[in-house]
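Residues per chain, in single letters:
Number of protein chains: 2
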Amino acid sequence: MKTENLKLYQSNASPNSRRVRIYLAERGICFALVPVDLGAKEQFSSAFAAINPRRVVPALVLGDGTTIGEVSAIWRYFEEAYPERPLMGTAPKEKALASMWERRVELEGFAAVMETVRNKAPHLRGRAISGPHDYEQIPAIVDRGLRRIQDFYDDLEARLAASPFVAGEQYTVADITGLVTIDFASKALSLPMPDGTSTGCAIASAERTSTEHPAGRSGRNCARLCPVP
Amino acid sequence: MKTENLKLYQSNASPNSRRVRIYLAERGICFALVPVDLGAKEQFSSAFAAINPRRVVPALVLGDGTTIGEVSAIWRYFEEAYPERPLMGTAPKEKALASMWERRVELEGFAAVMETVRNKAPHLRGRAISGPHDYEQIPAIVDRGLRRIQDFYDDLEARLAASPFVAGEQYTVADITGLVTIDFASKALSLPMPDGTSTGCAIASAERTSTEHPAGRSGRNCARLCPVP
Chain A
31 MKTENLKLYQ SNASPNSRRV RIYLAERGIC FALVPVDLGA KEQFSSAFAA INPRRVVPAL
91 VLGDGTTIGE VSAIWRYFEE AYPERPLMGT APKEKALASM WERRVELEGF AAVMETVRNK
151 APHLRGRAIS GPHDYEQIPA IVDRGLRRIQ DFYDDLEARL AASPFVAGEQ YTVADITGLV
211 TIDFASKALS LPMPDGTSTG CAIASAERTS TEHPAGRSGR NCARLCPVP
Chain B
31 MKTENLKLYQ SNASPNSRRV RIYLAERGIC FALVPVDLGA KEQFSSAFAA INPRRVVPAL
91 VLGDGTTIGE VSAIWRYFEE AYPERPLMGT APKEKALASM WERRVELEGF AAVMETVRNK
151 APHLRGRAIS GPHDYEQIPA IVDRGLRRIQ DFYDDLEARL AASPFVAGEQ YTVADITGLV
211 TIDFASKALS LPMPDGTSTG CAIASAERTS TEHPAGRSGR NCARLCPVP
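So the protein lines, in turn, are chains A and B.
First residue of the first sequence? That's 31 in our numbering, and the numbers climb one at a time after it.
First residue of the second sequence? That's 31 in our numbering, and the numbers climb one at a time after it.
Simulated from the structure, these hints should not be mistaken for lab results.
Watch out, some of these pointers could steer you wrong.
One copy or two, either will do: identical chains are not told apart, so a pair holds if it fits within one copy or between any two.
Unchecked claim - The calculated lysine to any residue pairs, modelled on SDA-like cross-linking and capped at a C-alpha distance of 25 Å, are:
1) Lys37 to Ala121
2) Lys217 to Arg155
3) Lys150 to Ala191
4) Lys123 to Ala80
5) Lys123 to Ile81
6) Lys123 to Ala192
7) Lys71 to Gln200
8) Lys150 to Arg174
9) Lys123 to Glu34
10) Lys150 to Ala170
11) Lys37 to Arg177
12) Lys150 to Arg177
13) Lys150 to Gly95
14) Lys123 to Arg57
15) Lys150 to Pro113
Here chain A stands alone, though its shape is the one from the complex (with noise of 0.2 Å):
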């Protein structure tokens, strides 16, 4: 799909990131993808803090300089100026529904993963929360976290029992949140959904989704797919 001038800041490393390159992929959209370095802590450099003030990936940005950051906002952009074959719904209600359940994923599963990550991990000491300002960890939030991915994955096993996809009958971004949070828990946490969860559902385990559907599939390889020019 044809763009304007646009550029998205995101690091391969980067969950968030990972979210809108399964989305541009998963809808055909290829423009340039420009790296982070969060190894070398470049989100913090003042070349990026005038991209994006809130120093984190990823970060889109417009032909006319404008920066669109959060995921939310990002999948919104192409939503509106790219109509075709939504992946946040048609009809209002598909659209709210869509809403809906991306957030519940988001704040139930992907969040939770998340801070267990950023409270646990010795090289994100006085880092426990993304964004301009520093925090530091709680080690309690860990032990809260590891109880929250599991009731998560019993929720998102029952959803998906009775739901071909996370918000219907649709393949939306709501399954794209819930792969990479799956994702993120096996690879950060060693907390993959258990063997035997989800049996012919649509994101059944992070590993199938990825093998057998072409956002997961093509979300891996976004990178390489569009490579900065």
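Following the hints, position chain B against chain A.
Just chain B now, with coordinates in the frame of chain A:
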């Protein structure tokens, strides 16, 4: 504005419900508000679980029986179904910016106040996170929350020194969440914005906004304006 057969299950004591009430009042959308008595734990009743299994308010029930939960998803429904005078932007860029700024205010302001209150209040022991699962309070989150709210106030002050409204030139849902956040912190934590901040800004203080801005006023009285039939 004439609406289809809608019902909003909500509580006058719920800040999330208030975000929707202000939105509806601002847009002149009036329909049945159905009270849910949080003091009597009505949200945990089996009758309400059948309406919203997440057991939280607000919840919008459409004419066909579909329940839309989550404030941002309820807003999205009204933006799409009743598109005149939207509060989440018109062009793609403005929609994305409204979404970005509202999310930032919610994550860094509203959610910080909410987690501080839920981890502090004696009557919320065992309910530190809203939703279907019970989690114990973590006292360290309260101390961190007070710092987060101060950081949020500083960031909001800086933003409103540079922009007439949170998301730019127009009043949007980001301002609604900002107003409710400041009121919520003032009432539940005795943490209003300090005197002298936000001079000339759109949401200079919760009290001034509530008094001078129609949304602030009508939001407070929306339950009365829109009685249950």
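Hint by hint, here is what the structure shows:
1. Lys37 to Ala121: between (29 Å within a copy, 19 Å between copies)
2. Lys217 to Arg155: within (19 Å within a copy, 33 Å between copies)
3. Lys150 to Ala191: Result: close neither inside a copy nor across copies, 32 Å intra and 37 Å inter.
4. Lys123 to Ala80: between (38 Å within a copy, 19 Å between copies)
5. Lys123 to Ile81: Result: close only across copies, 16 Å inter versus 35 Å intra.
6. Lys123 to Ala192: Intra 19 Å, inter 36 Å, cutoff 25 Å: intra-copy only.
7. Lys71 to Gln200: Neither: 38 Å inside a copy, 35 Å across copies.
8. Lys150 to Arg174: both (12 Å within a copy, 16 Å between copies)
9. Lys123 to Glu34: between (30 Å within a copy, 13 Å between copies)
10. Lys150 to Ala170: both (10 Å within a copy, 15 Å between copies)
11. Lys37 to Arg177: This pair counts as neither: shortest intra-copy Cα distance 38 Å, inter-copy 34 Å.
12. Lys150 to Arg177: Both, since 15 Å and 20 Å are each at most 25 Å.
13. Lys150 to Gly95: The answer is neither: 36 Å in one copy and 43 Å across copies each exceed 25 Å.
14. Lys123 to Arg57: Both ways: Lys123 and Arg57 sit 21 Å apart in one copy and 19 Å across, limit 25 Å.
15. Lys150 to Pro113: Classified as neither: same-chain Cα gap 40 Å, cross-chain 45 Å, threshold 25 Å.
Hints 3, 7, 11, 13 and 15 from the earlier list are contradicted by this structure; the remaining hints agree with it.
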